[in-house]
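A.B. asks: Sequence:
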Amino acid sequence: MHHDWPSQISEDTVLRQHQSSGNVQTVCLPMRGRSRDCILDENATWYDVDDLIIRILNVAMPGYSLVNGVKEGELMNLCTVVRQVFLSQASLIELQPPIKICGDIHGQYADVLRLFDRSGFPPTVNYLFLGDYVDRGQQNLECISLFFCYKNVIDDIKAPGYGYSSRCVSIDIVIVQDAFATLPFTGLIAGKILCMHGGLSPKLKSMDQLRQITRPIDPPNPSLHIDLLWSDPDNYIRGWASNCRGVSYVFGKDVVVEMSALLDIELVARAHQVVQDGYEFFANKKLVTIFSAPHYCGQFDNAGAIMNVDENLMCSFTNF
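Numbering (the numbering used here), first residue to last: 60 to 379.
Treat each hint with caution, since some may be false.
Pairs of lysine-lysine residues, derived as DSS-like cross-links and limited to a Cα-Cα distance of at most 27 angstroms, are as follows [said to hold, decoys possible]:
1) K251 - K130
2) K345 - K264
3) K344 - K312
4) K264 - K251
5) K262 - K345
6) K264 - K312
7) K345 - K130
8) K130 - K264
9) K251 - K312
10) K345 - K312
11) K251 - K345
12) K262 - K130
13) K159 - K312
14) K262 - K312
15) K264 - K344
16) K262 - K251
17) K344 - K262
Just so you know, these hints were derived from the structure itself, not from any lab.
This one's a predicted model, so the numbers in the text were calculated from it and none came from an experiment.
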């Protein structure tokens with residue numbers, strides 16, 4: 060099974076990535092008189108976030124599990140704290156390269172760790188995840204717990220929710236959903252690479268619309284919000300057409316060209332669809348789909364990929 064823990068990653072690797080990590084950017088808000096690497100739960104208990112990261116990473120090691128390594132209260136507190144962090148940020152996250160962009164994860168936790176082992180663990184490397192990091196895989200809570208711990212270096216794009224069940228730990232799903240409702244919708248890299256989970260919208264006319272999205276929100280249908288989460292490119296149409304998913308639209312190459320000019324961007328980076336090589340271009344390389352869940356659901360033979368954006372906005376891809 061492709062979910063097996065990669066043999067080349069050992070416990071030493073986990074500890075090496077997170078020991079002496081005094082400059083780790085964590086999910087916590089500034090708290091007077093306390094280390095920034097601590098978070099406070101409702102019972103006034105302080106948790107070391109670096110220690111929590113190590114325990115979550117250890118879930119993949121033989122003999123470890125989430126239920127034995129992490130308390131339910133810690134995960135619930137983590138969701139509560141990260142919700143405030145998300146709300147403190149803009150709905151359009153504006154980032155600078157270098158950065159690595161990742162597509163759908165779908166709860167494939169072992170593949171997340173392969174990804175980090177191949178390309179570098181935060182905070183050494185900055186990542187932008189484009190959503191769908193839970194649902195069909197077996198380790199959804201492991202994925203979101205690790206991502207929320209790394210929040211300040213992983214600015215997640217909002218994804219449609221399916222459920223967050225874990226084989227190990229029960230958690231109040233409402234708290235997780237409340238955190239998801241505050242996630243930013245879009246990212247903009249150096250003003251030129253526009254990132255979202257789904258795709259473009261006929262309602263999108265300016266970047267200011269993206270900046271003005273209010274959160275928390277349960278996106279109404281139809282809306283700009285829904286299109287950002289659900290729309291898809293389509294090789295066989297011009298303009299806009301109904302999406303076979305039953306929500307939002309599909310759009311043609313002409314839409315990408317026109318909207319790139321309107322928004323003064325060079326590339327649209329999105330996720331939301333399985334692609335064989337882990338990435339796939341559209342509209343003369345003005346749009347790219349990135350999918351980071353290899354062997355999706357154990358039913359596909361697709362590769363996973365991440366897009367590497369360097370300081371000069373040159374893009375390359377890493378498969379895993």
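A.B. asks: All the hints need checking, so say for each whether the structure fits it.
C.D. replies: Each hint tested on the structure:
Restraint check for K251 and K130: the C-alpha separation of about 42 angstroms exceeds 27 angstroms, so the hint is violated. About 18 angstroms separates the Cα atoms of K345 and K264, which keeps this hinted pair within 27 angstroms; it holds. Taking the CA atoms of K344 and K312, the gap is about 10 angstroms. The hint holds against a cut of 27 angstroms. Proposed proximity of K264 and K251 is supported: the alpha carbons are some 16 angstroms apart, at most 27 angstroms.
Restraint check for K262 and K345: satisfied, since their Cα atoms lie roughly 19 angstroms apart, inside the 27 angstroms limit. Of the supplied pair hints, the one linking K264 and K312 holds, its CA atoms being roughly 17 angstroms apart against a limit of 27 angstroms. Of the pairs offered as hints, the one joining K345 and K130 is violated, with about 45 angstroms between alpha carbons and a cut-off of 27 angstroms exceeded. This hinted pair does not check out: K130 and K264 have alpha carbons roughly 45 angstroms apart, beyond 27 angstroms.
With a C-alpha separation of about 18 angstroms, the suggested pairing of K251 with K312 holds against the 27 angstroms cut-off. Restraint check for K345 and K312: the C-alpha separation of about 9 angstroms stays at or below 27 angstroms, so the hint holds. Taken as a hint, the K251 and K345 pair is honoured in the structure, with Cα atoms around 11 angstroms apart against an allowance of 27 angstroms. For the given pair, K262 sits about 44 angstroms from K130 by alpha-carbon distance, which is inconsistent with the 27 angstroms threshold.
For the given pair, K159 sits about 25 angstroms from K312 by alpha-carbon distance, which is consistent with the 27 angstroms threshold. Simply put, K262 and K312 have alpha-carbon atoms about 17 angstroms apart, close enough for the 27 angstroms limit, and the pair holds. For the given pair, K264 sits about 21 angstroms from K344 by alpha-carbon distance, which is consistent with the 27 angstroms threshold. Under the criterion of a C-alpha separation no larger than 27 angstroms, the hint pairing K262 with K251 is consistent with the structure, at around 20 angstroms.
Restraint check: the Cα-Cα separation between K344 and K262 comes to about 23 angstroms, which is no more than 27 angstroms; the hinted pair holds.
Checked against the numbered hints given earlier, this structure breaks hints 1, 7, 8 and 12; the rest are met.
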